[in-house]
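Engineer: Sequence:
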Amino acid sequence: MNRDTGEITQLEFFERPKTGIRYDWRPNPGRHVNVPKELVKRLYDKSSGYNAGDRDVFFFYLGFSPDGTEPLRMTFKEIADVIGGRPDTIAKRVGKLNRGGLLLEAERVGRIVFYRANPRSGFDGAAEDQVQAVKDVRFPVIPAPANAEVKRKAAS
894 MNRDTGEITQ
904 LEFFERPKTG
914 IRYDWRPNPG
924 RHVNVPKELV
934 KRLYDKSSGY
944 NAGDRDVFFF
954 YLGFSPDGTE
964 PLRMTFKEIA
974 DVIGGRPDTI
984 AKRVGKLNRG
994 GLLLEAERVG
1004 RIVFYRANPR
1014 SGFDGAAEDQ
1024 VQAVKDVRFP
1034 VIPAPANAEV
1044 KRKAAS
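Oh and the sequence shown: position 37 is 930 in the working numbering, straight run, nothing missing.
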């Protein structure tokens, strides 16, 4: 109790855990993803090495992935059913985005590999979580690295 004012105050001996601020406005647009504007500009540059289909797949991963660093647990066929195209085309685009560091391999279940967005290129979660998530991940590469298969054929 404050003796001057007579107001009762509560003492706290232990610090309360801080909650992360989330931007979940309702009804629309819902969850938000933190994406570097400079990265998006570079992705759309003609010399980036990434085309519209690659960007579609990248933004699909940003929009459909769960919070934090969890992978998108969808097969290439399921992704192709949503955005159009063939599963093998989606697989090639995901491989290209992975080589460029925009998508990272996150989990393997048998022969199926699940990917997640690189937290340096887009993150869905609290700022404190993003700081932790980027500590040990590589930087995205623009322009896109050359296809590994093309390099092998050229060396033959």
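Read the hints as simulated data drawn from the structure, not as lab findings. Predicted model, so just to flag it, every value in this text is computed and none were measured. Incorrect hints may appear among the rest.
Using C-beta positions, here's what the derived DEER-type ranges look like [to be verified]:
1. V1002 x V975: 44 to 54 Å
2. P959 x I901: 37 to 47 Å
3. G988 x Q903: 51 to 61 Å
4. G961 x V1002: 13 to 23 Å
Under the rule of at most 25 Å between Cα atoms (straight-line distance), these lysine-lysine pairs were calculated in the DSS-like manner [claimed, not checked]:
5. K934 x K970
6. K1028 x K970
7. K1028 x K930
8. K939 x K985
9. K985 x K970
Glycine included, every Cβ here is placed at the ideal spot set by N, Cα and C.
Engineer: Now tell me if each hint is right for this structure.
Structural biologist: Quick rundown of the hints versus the structure:
1. Between V1002 and V975 the CB atoms are about 20 Å apart, so this pair departs from the stated range of 44 to 54 Å.
2. Checked against the hint of 37 to 47 Å, the C-beta distance between P959 and I901 comes to roughly 44 Å, which is consistent with it.
3. Between G988 and Q903, the C-beta spacing of about 57 Å keeps the proposed range 51 to 61 Å intact.
4. Hint check: G961 to V1002, Cβ distance near 19 Å, so the stated range 13 to 23 Å holds.
5. For the suggested pair K934 and K970, the alpha carbons sit about 29 Å apart, so the restraint of at most 25 Å is broken.
6. Distance hint between K1028 and K970 is unfulfilled; the C-alpha atoms sit about 32 Å from each other, more than 25 Å.
7. Distance hint between K1028 and K930 is fulfilled; the C-alpha atoms sit about 20 Å from each other, no more than 25 Å.
8. Using a Cα cut-off of 25 Å, the hinted pair K939 and K985 holds, with the two alpha carbons roughly 19 Å apart.
9. Between K985 and K970 the alpha-carbon distance is near 13 Å, which keeps this suggested pair within the 25 Å criterion.
Checked against the numbered hints given earlier, the structure breaks hints 1, 5 and 6 and satisfies all the rest.
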